[in-house]
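> Residues per chain are reported as follows:
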Amino acid sequence: MTTTERDVSPVSEERPSQRVPGGRDIWVFVLFESAIFTSYFCVYLFNRTQHEQVFLLGQSHLLLWLGVLETIVLLTSSWAVARCVQHARAGRYDASTRDAFLTAGLGVLFLVLKVAEWVRLIHAGHTFTSSEFFQYFFFLTVIHCIHLLIGFVVLGVLWYQLSDQERRSQQTVETCATYWHSVDFFWVVIFALLYVVR
Amino acid sequence: MPGFERLPGPGEQPVRPREPNERVGHVSVRPVPTTWLPGMKQAAQPIGYHLPPMKRLTGERIIFWALPAVAIIWIAAFFLFPGFLPPMSPEWSAQRVATFYADHTSRVRYSMILFNWFCVALIPILMLIVERMRGMAHRTPILRYCVIGVAGAAPIAFLTATIFWLLAAFRPHRAPSLTQLYNDLAWITFTCGVPFLVALCLFLAVAIYLDERARPVFARWVGHFNLLIAVALVPAGFAGLTLTGPFAWNGFLSFWVKNVAIALWLVVMAVVLGQSIRRDQSVEQVLV
Amino acid sequence: MEDGSNRRLFVVWLILVAISLVYLWIDHSATHQGIPTASTVVTVVAICFALIKVRIIMREFMEVRGAPPVLRRLTDYWVLLMAVALFGAYFAGRAVA
Amino acid sequence: MRRPALLDDPKRELWLAWYATIGFYSLYTVVFFIITRTQPPGKPWYTPTQVVGWFASNHEGLLIGFSLIFILGGLSATSIALITYSMRRMSVSRAFAYSYLIIYAVSAVPGFLFICVAMTVGAFRPGRDPEILRWLYDLGFLSFSGTMGVFLIGSLIWMAAILLDKNRVFPAWFGYLNLCNALTEVVVAPSWIFHAGVFAWNGVIAWWINVVVFGLYTGAFIFLLRNMILREDFGTGPLPDLLPEEGRRRVLAEFMSP
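Chains as they are written, first to last, in this note's numbering: chain B, 11 to 208; chain Z, 54 to 341; chain D, 446 to 542; chain U, 284 to 541.
Just chain B, same shape as in the assembly (with noise of 0.2 Å):
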């Protein structure tokens, strides 16, 4: 996300070994993020084994189906991203350009799945008060969705770069890539944890 890197042409696909992609600070970023959602995710864990019965009953309201086509849906879009860097370093940036779109709108979808899943568990009368479950189901949901909503200004920054030559820094875009990548994975524990941990 930070403009302030030199390295503003696009560098060879032999990359040497001793380059951190994304830049440093985005690591620590990362890393940081993923310690805060673990430690989450062992209270989670902790107070599930506690009150089993509960869990397992406000889980069997969960669509597995669902959070699987979710979760497809969001490797898709890092897929994408990836495509579109390794796109942006070999100069063709069309394709990378279009790699960036292919992800936001991917990430619509998987914002759209997830409202329409909250709609249906709210429906049914699951909130966020109703039950332990759906307590820790909500919060980790919509803390999720709300790194996915700043996911789409990093991906606003990241077009940004890609538009202009003049403004075009492989270490940005790079840096962008990573952040969405860390929205991806801090869903595949999520859901592994929410939909499948019995």
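Treat the hints as calculated values from the structure; they're not laboratory data.
Errors might be hidden in some of the hints.
Derived contacts from chain U toward chain B, CB cut-off under 7 Å, selection only [claimed, not checked]: (1) Tyr381; (2) Ala455; (3) Trp456; (4) Tyr459; (5) Val481; (6) Ile488; (7) Ile492; (8) Val494.
Here are some chain Z residues the structure puts well away from chain U; computed CB gaps all over 10 Å [what the hints assert, rightly or not]: (9) Arg149; (10) Gly246; (11) Arg331.
Where a beta carbon is used, it is the ideal one built from N, C-alpha and C, also for glycine.
Put chains Z, D and U on the given structure of chain B with help from the hints.
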């Protein structure tokens, strides 16, 4: 540094003659500040050398002369509120507090409406002081930011107290314990809500001490005075500890010393502020 | 070269999707008459698969594979740390439950 | 009397503000965690009678601790002023700096004056109706934890300024850390809804995890503000790198030599 030929020594006024056709900025009228700082090779760029071609109405005097008018309202509201002379005692029973608000409903309401309207009028005065601080021999605006940082909260804390007083008088016939709660909230917010005023006085004192020149914006004694006021406000912070004695909210230290200190601060700061504004304008006339 | 790296990303994506689909089967095996039952094996396997996916995403999508060894090791340790924390919380909870 | 060396330091105003920041945060920690024991917070599920007991057992601490805040709480402005200054030193518009200054200046009253007043009023007259005492207890804890938006938006403003800045005043990772801090203000929102559990105002997620993040964030910015002061050259371009100790001394001596 651009636009600065000769560095002034300690206490020297750097007067830079205006060049013909010099672009005249629209920066507010300020005196030419001395820019010397202890032991420094280079001086900060003077801020106030862009002077307007003619005497302009900057509005500072309007703000300044609004102060006496507002002060009259403050004094009037102070005397109108029936609980200040003498201050209500924290030892009163809930019943007595409820009776007080039932008996004096109108005076509480009107006095507190006045305070609610005009307490925030302190902020423009504080901003005048902040503008004076621009002329101080500081290298950074940090002390101005400190003063701005507390300038809002100080009157807002008092505004909160007026809201509790108005609530107490809004339904005087409710359960006495609730009226007593509002009364306590109002008095504690009013009496203990001094942290921003204490900090304001401390920041001003430091700012004045660091304005080390022969002719500072505010004389050194104003710094000592601000420290003294800060000390005088300290006992009020302890008003929650006791219902009786000098520290209670109606006591000698927490009520009389604190409020006299605030009044004295306003009077003294108004005088030195007025002098400073007048001096600025005379400098301006000399240069123009 | 370009095709090679693109194909690699595609294969990675296929593997990730395949692991996600395995969840459907895992879930099926842990549900009896429509009612989910508690199962330590399912929990452990689900978390392991999730963390494997996290590591694949980091290695391949986030390009840690070609990054300095410090970052490669750091991310691996981080995934391990997550595993230790999650299993620690789960088994500690089971022990006191 | 010898003139203290600090007074001849061209950065004396910045250092004074920085030491005052350290002093303020130390006072804050001591008052909230040790003297008043309002952090970690009291239990949100207490019945009115239990609240009466809570006030009784913390009586002296609440009154003395919050008296200290009533006297010195205004020093919070020093850290706000330093952070405002940091943004003014960046290559971004001053609108960022001024927004931050205003937001944090305003948040002082609901953010920490309310809890001091509510708890003082509660402890000050222990004989009150238990229901009223609990009302004060809720007001105190919820106003303290639940003043969210100002810190949320304030952190985002600082983050945007850091990420856009070309003067390298703060490292980008600290910009991202601001985002983590802003998200803790989102996570605290459920404390307005739950009376018990991990999302209540004393819960593991809404309080413990948040306070760890906030502590790391505060420690990081106090350290980085110190670095900023050390690197400050009073220019307008990029801040120079932080030199090792003797290098700093040499540059300062050169700077001050007549």
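> Work down the list of hints and note, for each, if the structure agrees.
These are the hints, each one checked on the structure:
no.	hint	result
1	Tyr381	violated (22 Å)
2	Ala455	holds (4 Å)
3	Trp456	holds (4 Å)
4	Tyr459	holds (3 Å)
5	Val481	holds (5 Å)
6	Ile488	holds (6 Å)
7	Ile492	holds (5 Å)
8	Val494	violated (12 Å)
9	Arg149	holds (14 Å)
10	Gly246	violated (7 Å)
11	Arg331	holds (27 Å)
When each numbered hint is compared with the structure, violations occur for hints 1, 8 and 10.
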